[in-house]
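K.L.:
Each chain is listed here by its residues.
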Amino acid sequence: EDKVVQSPLSLVVHEGDTVTLNCSYEVTNFRSLLWYKQEKKAPTFLFMLTSSGIEKKSGRLSSILDKKELSSILNITATQTGDSAIYLCAVEPLRGYQKVTFGTGTKLQVIP
Amino acid sequence: DGGITQSPKYLFRKEGQNVTLSCEQNLNHDAMYWYRQDPGQGLRLIYYSQIVNDFQKGDIAEGYSVSREKKESFPLTVTSAQKNPTAFYLCASKDRGVNTEAFFGQGTRLTVV
Chain A
131 EDKVVQSPLS
141 LVVHEGDTVT
151 LNCSYEVTNF
161 RSLLWYKQEK
171 KAPTFLFMLT
181 SSGIEKKSGR
191 LSSILDKKEL
201 SSILNITATQ
211 TGDSAIYLCA
221 VEPLRGYQKV
231 TFGTGTKLQV
241 IP
Chain B
3 DGGITQSPKY
13 LFRKEGQNVT
23 LSCEQNLNHD
33 AMYWYRQDPG
43 QGLRLIYYSQ
53 IVNDFQKGDI
63 AEGYSVSREK
73 KESFPLTVTS
83 AQKNPTAFYL
93 CASKDRGVNT
103 EAFFGQGTRL
113 TVV
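Note that the protein sequences, when read in sequence, are chains A and B.
Take 131 as the starting number for the first sequence in my numbering and just add one per residue.
Take 3 as the starting number for the second sequence in my numbering and just add one per residue.
Isolated chain A, as found in the complex (with noise of 0.2 Å):
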C-alpha cells in the first residue's frame, strides 16, 4: 500500500520566519509528488517534482524532491500571515490516474 508522511503535523511561527515542510513516501512506480495548500475548504495546487522536475520554485515558496531519499521539502521564506494554511503532499504511481495517496499534511499557523 503507498504511504505518504509529513512532518510536522503543525508548526507555529513568526511572520518573516523561514519553514520547512517534509514529505516522505513510499509508492510502487513512483511518477510525481504534488504539493497542495487548503486554506479553509478546497487544496489548491502549488507545485508538482517528477523525475524530469526535481525542483520548482514560486515567489516566495520553493520544493525540491529526493528521489535518492524518496522525499520532498517544502520551503517558505519570509513567512506571511497569508501562509497559514494546511499544506498537503500527495503521491501519484507510474501508472496515470490511479490511486493518488495523500499525506496527512502538515498545519502551518504564522502569527504577526
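None of these hints come from the bench; they were simulated from the model.
Certain hints may be false.
[What the hints assert, rightly or not] Only part of the chain A face toward chain B is listed, based on derived beta-carbon distances under 7 Å: (1) 164; (2) 171; (3) 173; (4) 175; (5) 218; (6) 232; (7) 235.
Glycine included, each C-beta is placed from N, C-alpha and C at the ideal position.
Dock chain B against chain A, hints included.
P.N.:
Relative to the frame of chain A, chain B by itself:
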C-alpha cells in the same frame, strides 16, 4: 466557468440514514475521486473512477458507495454501515494527460445528529 461543484455544502444525517453527496465537473476530466478529511488530518481516499461505469475502492471504502453513470458526475452515498461518517468530504477530478494536477470542489461537511 470550468470547475467542480459539490452539494450540499452542509449536510446533517440522522443515525441509520443513507445520504448522497453530489459532485459534478465540467472540466471534461476522465478521473474523479472522493476523499474524506477528518479534523487536523490529511485526505483519505474513499473511491476513485477512471472512466464512466468503472470505479475502484480506495483505502477506506467500507460504508460508502459510488456510481459513475456520466463522465461529469460522481455521487457518493454514505450508508448506515459507515459507523463514523461525520467528516469533511472532498471531490476531485483529474485529466487523463501526463503529469496533471487534481482539481477540488469546495467540499461537503457531513454531520451525524
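K.L.:
For every hint, state whether the structure bears it out.
P.N.:
Against the structure, the hints:
| no. | hint | in the structure |
| --- | --- | --- |
| 1 | 164 | holds (6 Å) |
| 2 | 171 | holds (5 Å) |
| 3 | 173 | holds (5 Å) |
| 4 | 175 | holds (4 Å) |
| 5 | 218 | holds (6 Å) |
| 6 | 232 | holds (4 Å) |
| 7 | 235 | holds (4 Å) |
The structure meets every hint from the earlier list without exception.
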